[in-house]
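S.K.: Modelling step: build the complete structure from the supplied sequences, incorporating the hints.
Residue numbers (the working numbering), protein chains in the order written: chain G, 1 to 288; chain V, 1 to 305.
Check before you lean on any hint, since a few could be wrong.
To be verified - Some chain V residues well away from chain G (every beta-carbon gap over 12 Å; in silico):
#1 F73
#2 D79
#3 L99
#4 R215
#5 N257
Said to hold, decoys possible - Facing chain V, from chain G, some residues (calculated, C-beta under 10 Å):
#6 R22
#7 A27
#8 A33
#9 T53
#10 P104
#11 A113
#12 V128
#13 V131
#14 A157
#15 R195
#16 F240
#17 L254
None of these hints come from the bench; they were simulated from the model.
Don't be surprised by glycine CBs; every beta carbon is placed ideally from N, CA and C.
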Amino acid sequence: MPLPRHRPPALRRAPRRGLRRRLAADAGLLLVAAAFATPLVWLVLSSLDAGATLRVRLPKTPTLTNFSAVLTDEITFTPMLNSLLICGGATALTVVCAALAAYPLSRFRSRFARPYLLTILFSTCLPVTAVMVPVYGLFVQVNLIDTRYGTALFLAAAQLPFAIWLMKNFMDGVPRALEEAAWTDGASWPQTLLRVILPLMGPGVGVVAIYTFIMMWGNFFVPFMLLLSPEQLPASVSIFNFFGNYGAIAFGELAAFSILYSTPVVLLYVLISRRLGGGFALGGAVKG
Amino acid sequence: MTAGAAGKAPALPRAARRAPLRTRLLRWSPLAPATVLLLLFLAGPIGYCVFIAFTDTQLTGQASASFVGLANFRRAFGDPAFRNAVVLTLVFTVLSSILGQNTLGLALAGLMRRASRPVRSLTGAMVITAWVLPEIVAGFLLYTFFERRGTLNAVLDWLHLPTQNWLFTLPVMAVSFANVWRGTAFSMLIYSAALSAIPPEVTESAEVDGAGGLRRLWHITLPMIRRSIGTNLMLNTLQTLSVFGLIWAMTRGGPGNRSQTLPVFMYDQAFLKSLIGYGTAVALLLLLVGAVFSVVYLRLMREEV
Chain G
1 MPLPRHRPPA
11 LRRAPRRGLR
21 RRLAADAGLL
31 LVAAAFATPL
41 VWLVLSSLDA
51 GATLRVRLPK
61 TPTLTNFSAV
71 LTDEITFTPM
81 LNSLLICGGA
91 TALTVVCAAL
101 AAYPLSRFRS
111 RFARPYLLTI
121 LFSTCLPVTA
131 VMVPVYGLFV
141 QVNLIDTRYG
151 TALFLAAAQL
161 PFAIWLMKNF
171 MDGVPRALEE
181 AAWTDGASWP
191 QTLLRVILPL
201 MGPGVGVVAI
211 YTFIMMWGNF
221 FVPFMLLLSP
231 EQLPASVSIF
241 NFFGNYGAIA
251 FGELAAFSIL
261 YSTPVVLLYV
271 LISRRLGGGF
281 ALGGAVKG
Chain V
1 MTAGAAGKAP
11 ALPRAARRAP
21 LRTRLLRWSP
31 LAPATVLLLL
41 FLAGPIGYCV
51 FIAFTDTQLT
61 GQASASFVGL
71 ANFRRAFGDP
81 AFRNAVVLTL
91 VFTVLSSILG
101 QNTLGLALAG
111 LMRRASRPVR
121 SLTGAMVITA
131 WVLPEIVAGF
141 LLYTFFERRG
151 TLNAVLDWLH
161 LPTQNWLFTL
171 PVMAVSFANV
181 WRGTAFSMLI
191 YSAALSAIPP
201 EVTESAEVDG
211 AGGLRRLWHI
221 TLPMIRRSIG
231 TNLMLNTLQT
241 LSVFGLIWAM
251 TRGGPGNRSQ
261 TLPVFMYDQA
271 FLKSLIGYGT
281 AVALLLLLVG
291 AVFSVVYLRL
301 MREEV
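M.R.: Below is the structure:
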């Protein structure tokens with residue numbers, strides 16, 4: 001065989017070239033990582049700096065005064081509670097509707113199942129931003145404007161197409177044998193769905209719920225348009241209160257508030273990224 | 001409905017057609033809540049959007065709105081501010097989505113396959129954190145980065161390079177950069193998955209044949225992941241088309257209207273200038289562009305299914 005004769009020189013050269021390549025890749029990545037990290041470093045350092053400015057700098061004496069300054073009902077607790085009510089309610093509604101809708105789409109066949117799924121997929125792509133002006137008009141006419149439940153209803157509808165798509169893909173992965181057994185035992189479809197399928201795809205439901213929640217928690221434009229009274233605003237909009245007196249922004253407090261507001265979604269993401277694995281199954285889900 | 005019959009149905013499409021109407025209705029009833037919600041809050045507004053765009057509805061005095069035909073659209077195409085918004089949206093999308101997120105995402109995914117483990121995890125963590133942060137926090141962080149007294153100028157100063165007021169001189173560059181910072185993780189993850197799906201023998205044999213890095217990239221890697229490239233470009237572009245909060249937090253479309261992309265222009269016309277009809281016409285155009293991209297995306301998907 002001719003191959004082995006060519007192998008040894010290649011093998012001898014490989015490690016050195018491999019090392020050089022790795023060093024080059026490491027250097028490139030570190031450069032990008034530094035660029036991406038700079039704003040994040042600013043966020044952390046400024047939140048601990050009583051006299052924070054716009055640029056990255058080490059606080060002279062790290063303190064938690066920024067945090068204690070923003071941890072009041074008005075600045076943090078009420079907006080966070082609003083966020084929790086709006087996003088929590090909307091997430092619950094989305095997950096329930098998506099689980100119900102995914103069930104027949106995953107289990108039965110019909111002429112309209114495929115067009116329905118394609119329509120769903122189509123609407124996951126539409127820019128929701130564009131719909132906000134008519135939604136505002138509609139909400140004014142049906143008296144849903146400036147209500148937290150109205151906002152939650154719209155958020156739920158906007159997130160629903162992707163949730164159905166994701167849920168259906170997870171449900172397709174549950175083998176049918178068990179539910180067929182349940183059917184033979186005389187179980188109805190709600191029983192089968194609730195007792196057999198959903199428990200089997202528990203982590204999948206968790207992923208859909210957490211992903212939906214993360215998307216809603218970070219959404220700014222929808223509550224910005226649909227909510228008006230300050231006491232109803234979620235954290236994504238109330239953060240603008242800091243910009244109130246232009247030029248006199250308390251950057252340290254703004255940073256502290258941003259950290260408090262961001263922490264839940266970062267933690268939740270860490271939770272699902274374990275589940276999704278390094279390859280990122282959401283990407284796979286997006287691709288069908 | 002007998003449970004046994006339903007149990008047999010799923011696997012056989014013909015059986016579904018044979019089932020009685022009542023059974024079929026019952027079977028598909030779980031779709032109802034989602035469908036109602038989607039019709040009321042998504043399809044409804046889109047339909048309403050189509051209607052309002054042809055009227056002269058204003059924020060004050062809804063009752064007096066009358067049908068004006070294509071006037072809003074004619075007005076849009078004759079409006080220099082609208083054309084400015086279209087151009088800025090194009091620049092923003094090409095710079096941040098197609099050139100920025102897409103290319104940087106691919107480069108990161110490629111480099112990560114060669115880099116050492118700690119560097120890989122560190123970079124991944126930074127890029128993904130930027131992605132996971134709420135939009136408005138990202139906007140605010142990048143605002144401090146580009147501000148006249150911000151970190152970028154501090155770094156340039158330290159390097160003895162000229163500084164400038166980035167948000168004033170190059171607002172579109174600044175918001176595009178912000179969008180790259182915020183959105184690259186998605187491309188990186190898609191491309192990491194795509195690259196790891198390439199069988200190593202293919203790359204190795206090309207290497208043995210003496211193909212250099214660039215040629216391997218152009219003739220082997222890119223063709224093999226072209227479907228991921230299509231998907232990624234499509235989704236990035238759609239995402240970028242609807243960016244509002246990031247720009248609003250950084251520049252509010254300013255200075256003047258020099259970073260006023262279509263969503264910001266739409267908001268400005270509909271709410272700050274109270275021209276709901278005109279603003280909705282702009283929204284409808286944005287929606288149409290999105291719809292065209294979505295159809296292309298569906299075509300890409302259909303090949304795959």
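S.K.: For this structure, which hints from the list above don't hold up?
M.R.: Hint 15 is the one this structure does not satisfy, whereas the remaining hints hold.
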